[in-house]
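Colleague: Since the structure of chain A is provided, determine the placement of chain B on it from the hints.
Order-wise, the sequence lines are chains A and B.
full-length UniProt numbering numbers the first residue of the first sequence as 1 and each following residue consecutively.
full-length UniProt numbering numbers the first residue of the second sequence as 1 and each following residue consecutively.
Check before you lean on any hint, since a few could be wrong.
Computed cross-link-like contacts, DSS-like style, restricted to lysine-lysine with a CA-CA straight-line distance of at most 27 Å [what the hints assert, rightly or not]: (1) K35/A x K113/A; (2) K35/A x K77/B; (3) K102/A x K77/B.
Hints listed in this document are in silico derivations from the structure and should not be mistaken for laboratory results.
Fair warning: this is a prediction, and the values are worked out from it, not measured in the lab.
Residues per chain, in single letters:
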Amino acid sequence: MEDAKKGTVTSLASIFPAEEAQKAAKRVEDTIAEKEKELDRLRGFIADNNNLINLVQKLPEELHHDIMVPFGKAAFFPGRLIHTNEFLVLLGEGYYAERTSKQTTEILKRRGKSLDSQINSLEAIIEDHKAEASFFSATASEAAEGLVEIREDYEEENSGKGEFKSGILTDADKVKATADDEEFARMMSRLDELEKEELAAESGNHSDENEETTSDFDEISYQKPIDINLQNSEDTQQRITLEQINDKSIATEFPGECSYQEDISDQLNFASLALQSQTREGKSLAKNLKNLDATSEKSTTHLEEKMVQPTTASKSVVIQHQPSQPLFDRQKASTSSIVEHAGYAQRNSKEKNSTSSQVGCRTSEPSFDSSKAFTGSILEHAGNLQTREKNSTSSQVTGSQPSKPVSRFRMQRR
Amino acid sequence: MLLHACVVTKHTLNLSVKILQEHLTPLKEVNYDIAKNHQVRKKYTIQLGENELVLKELDLLQEDANVYKLIGPVLVKQDLAEANANVRKRIEYISAELKRLDSSLQDMEEKQNSKKDAVLKLQQKIQSLQAGKGKA
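For reference, chain A alone in the conformation it holds in the complex (with noise of 0.2 Å):
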């Protein structure tokens, strides 16, 4: 009783019966013949008409052929080819066309390339009817070896022997739930995290004409808060290197500034590599970032102290700040924080007026040359277009949310 409920078993020959089986096998291997016939016939026309092809080619070569000429069944008799560049073609259903050599051989040349397209369909055919045939004589075989096919419903809730096991089989599958919840929240973000970048690659493609108008903000912007910036911090030891470091965000970023209004259509070719010159200057920069490092270290540390007081703009520094083992992923860290730190001022005076500024002054990379910091501040800007076109989303991804007062990212990393 418990079996008959639970899955049914029925053999394969009662459902397919063998010799069943072998006779659609056959059939389909007969169609497959047929079929094969076709294909032959097909070829038997391709080379037919290479043949003729080669014949319609080689006849006006000559100003007359001396041939033997078809006289009833059979017959012949010696006859002059004349009028050698002359043919009449059947084009079909008994309409004729007066064509030259030239022109007959590509009429030829397309019927063949029509036979070829019949001979690929027909192939495709026959592999699907051998899927067929083999999947028929195998059932066959099946059935004869006396095979049994067990059906069981899938039942959802196993209602076992007592709660007990249940209760344990329910835990089980919350586990499983849970883990499968959060493998769906990771794919999910790493979805987002996609859209965002193809978004920023879109927004970066087609915002040449929004480019000169950020540009330019973005030029106004910078220069008052940095200064804003060294005035308010106190200690002078720091301030000298921010000062450093500020002063080379300036100066890498003005050379850009000027080019974007000659010309940016470069600029947009540049960004495209700007991937690439990054990850290859990535082991000049290490050295340059070594020097660096002690003075950015400090600066961060800093920055980190003076910004939690500010609401708004501490938490970037802080996240930058996270990853600061490896060397060069402290170079990183380094480098963006003293953006940050352009961008906070910014925000300061400009009451937190856009995020998009702090993207743009990430373009301040201290180590690179100016080129270099060229090619970045590109890369950067046209991340900047994204963060003014899509406001909110966008702060996301620059890791900055200026209407928290806490951010998640600081809350994780205590």
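Modeller: Chain B alone, transformed into the frame defined by chain A:
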């Protein structure tokens, strides 16, 4: 009594077989029609393909090209535009014909299915009757 029942079943059996045979003939006819339809359709499809090929070639010809039509044993010279129009008309006609054949084929298949069902039922009935007779 038993004998009587036996006679009755035999009688119904014979009747059923007769009805079955009556059903089988129209089914065969429909099957034949369908096969014929398929053949005609195949012919028309081939013609359609050929005509389309001709049309393509005619379109590729220059305006001043000489075009002939084989009518019986003679080649008759034709205007290119005329030939083009003729082929187009022919294609139109063939397409219409193919459509017509399709609709009639559908009708016939429906008929065939209903007849098949009837025949199948009758066959089952006869089988059960025969089984009953065998037992009796």
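Colleague: Now look at each hint and say whether the structure bears it out.
Modeller: The hints, checked one at a time:
{"no.": "1", "hint": "K35/A x K113/A", "result": "holds (20 Å)"}
{"no.": "2", "hint": "K35/A x K77/B", "result": "violated (39 Å)"}
{"no.": "3", "hint": "K102/A x K77/B", "result": "holds (22 Å)"}
Checked against the numbered hints above, the structure breaks only hint 2 and satisfies the rest.
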